[in-house]
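Here are the chains, one letter per residue:
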Amino acid sequence: MTRSHLVAFGCGIVFAIGLVVAHMTDPHKVLAFLDIAGDWDPSLAFVMGGAIAVYAPAWRYYRRNGTPADTVFTIPSRRIDARVVFGGILFGLGWGLVGFCPGPAIVSLPTLAPSVLVTVAAMLVGMIAYRLVSGRG
Amino acid sequence: MEFTPVSATIGGVLIGLSASVLLLRNDRVAGISGIVGGALARPRELSWRVMFIGGLLLGGLVASFVAPQAFGAPLRLPIWQLALGGLLVGVGTRLGNGCTSGHGVCGISRGSPRSLANTALFIGFGMLSLYLVRRFAG
Numbered sequence: 001m002t003r004s005h006l007v008a009f010g011c012g013i014v015f016a017i018g019l020v021v022a023h024m025t026d027p028h029k030v031l032a033f034l035d036i037a038g039d040w041d042p043s044l045a046f047v048m049g050g051a052i053a054v055y056a057p058a059w060r061y062y063r064r065n066g067t068p069a070d071t072v073f074t075i076p077s078r079r080i081d082a083r084v085v086f087g088g089i090l091f092g093l094g095w096g097l098v099g100f101c102p103g104p105a106i107v108s109l110p111t112l113a114p115s116v117l118v119t120v121a122a123m124l125v126g127m128i129a130y131r132l133v134s135g136r137g
Numbered sequence: 001m002e003f004t005p006v007s008a009t010i011g012g013v014l015i016g017l018s019a020s021v022l023l024l025r026n027d028r029v030a031g032i033s034g035i036v037g038g039a040l041a042r043p044r045e046l047s048w049r050v051m052f053i054g055g056l057l058l059g060g061l062v063a064s065f066v067a068p069q070a071f072g073a074p075l076r077l078p079i080w081q082l083a084l085g086g087l088l089v090g091v092g093t094r095l096g097n098g099c100t101s102g103h104g105v106c107g108i109s110r111g112s113p114r115s116l117a118n119t120a121l122f123i124g125f126g127m128l129s130l131y132l133v134r135r136f137a138g
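First to last, the protein sequences are chains A and B. The first sequence lines up with residues 1 to 137 when you count with this note's numbering. The second sequence lines up with residues 1 to 138 when you count with this note's numbering.
One chain only, chain A, in its complex shape (with noise of 0.2 Å):
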């Protein structure tokens, strides 16, 4: 155990909180932010709002400085490729079916409710799936 760890487990927690304090661990709340032809919430697109708020300038001070610890971290791509095109496609298409992203179905697990147990399965499934069928990590 050393200090990143407690710091990975300590961010977890705090983006827990966040997701249930802006009720993102409520589908029906996820799912009425996509209902644009029904009674339409914009309530997640705030949500995104304030996490970029705190996390742009967050970003601009970590390109400033440097990296503060021994690990090299590799900025992700910023090229829009077919994969990044495709996969943006299938997870929507299956977010507006069930109102859950991956964040809120982990945190959502311990209700131990059925319908979260059932996609939260069905997700991992697809990400080893994806993972034996692709090669790629």
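Keep in mind the hints are simulated off the structure, nothing from the lab. Where hints are given, some of them may not hold.
The calculated label-pair distances, taken between Cβ atoms and stated as ranges, are [what the hints assert, rightly or not]:
(1) VAL85/A to GLY111/B: 13 to 21 Å
(2) GLN69/B to VAL133/A: 38 to 46 Å
(3) SER77/A to PRO43/B: 19 to 27 Å
(4) SER77/A to GLU45/B: 13 to 21 Å
(5) LEU6/A to LEU132/B: 42 to 50 Å
(6) ARG76/B to MET1/A: 36 to 44 Å
(7) THR2/A to ALA137/B: 42 to 50 Å
(8) LEU46/B to ASP81/A: 21 to 29 Å
(9) ILE36/A to GLY54/B: 35 to 43 Å
(10) PRO57/A to GLU45/B: 25 to 33 Å
(11) ALA45/A to ARG42/B: 29 to 37 Å
Idealized CB from N, CA, C, for every residue including glycine.
Let chain A serve as the given structure and place chain B on it in line with the hints.
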């Protein structure tokens, strides 16, 4: 659903703080699908991912007691819909290397065209998917 901009923004700020600390202290991107998918794939990066996921689960466990209403009413959907939806979320987020957190928050904050394109697509196709399932299967 009632529009709740204040709690949504406060929750978003907490998510942004969590992601910022993970970046500044640990040099890691707070992308949940990457953390979970990576934990399933890469043993050398396993331990911090397990700790982060442990934090998510502990937060969820405590919330399920102190704020059960945050999880909403039970989702009454046919099992095929839950299974297909979960499967597509799993495959899609690994194929596209990210989800709402990794692309939607962290990537857009970096001004990444890749993340912006992915986010626009998953929101657009999420809206389409919900519309179609409500129209034809609901």
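Practice problem: Sort out which numbered hints this structure fails and list those numbers smallest first. | Solution: No numbers; nothing is violated.
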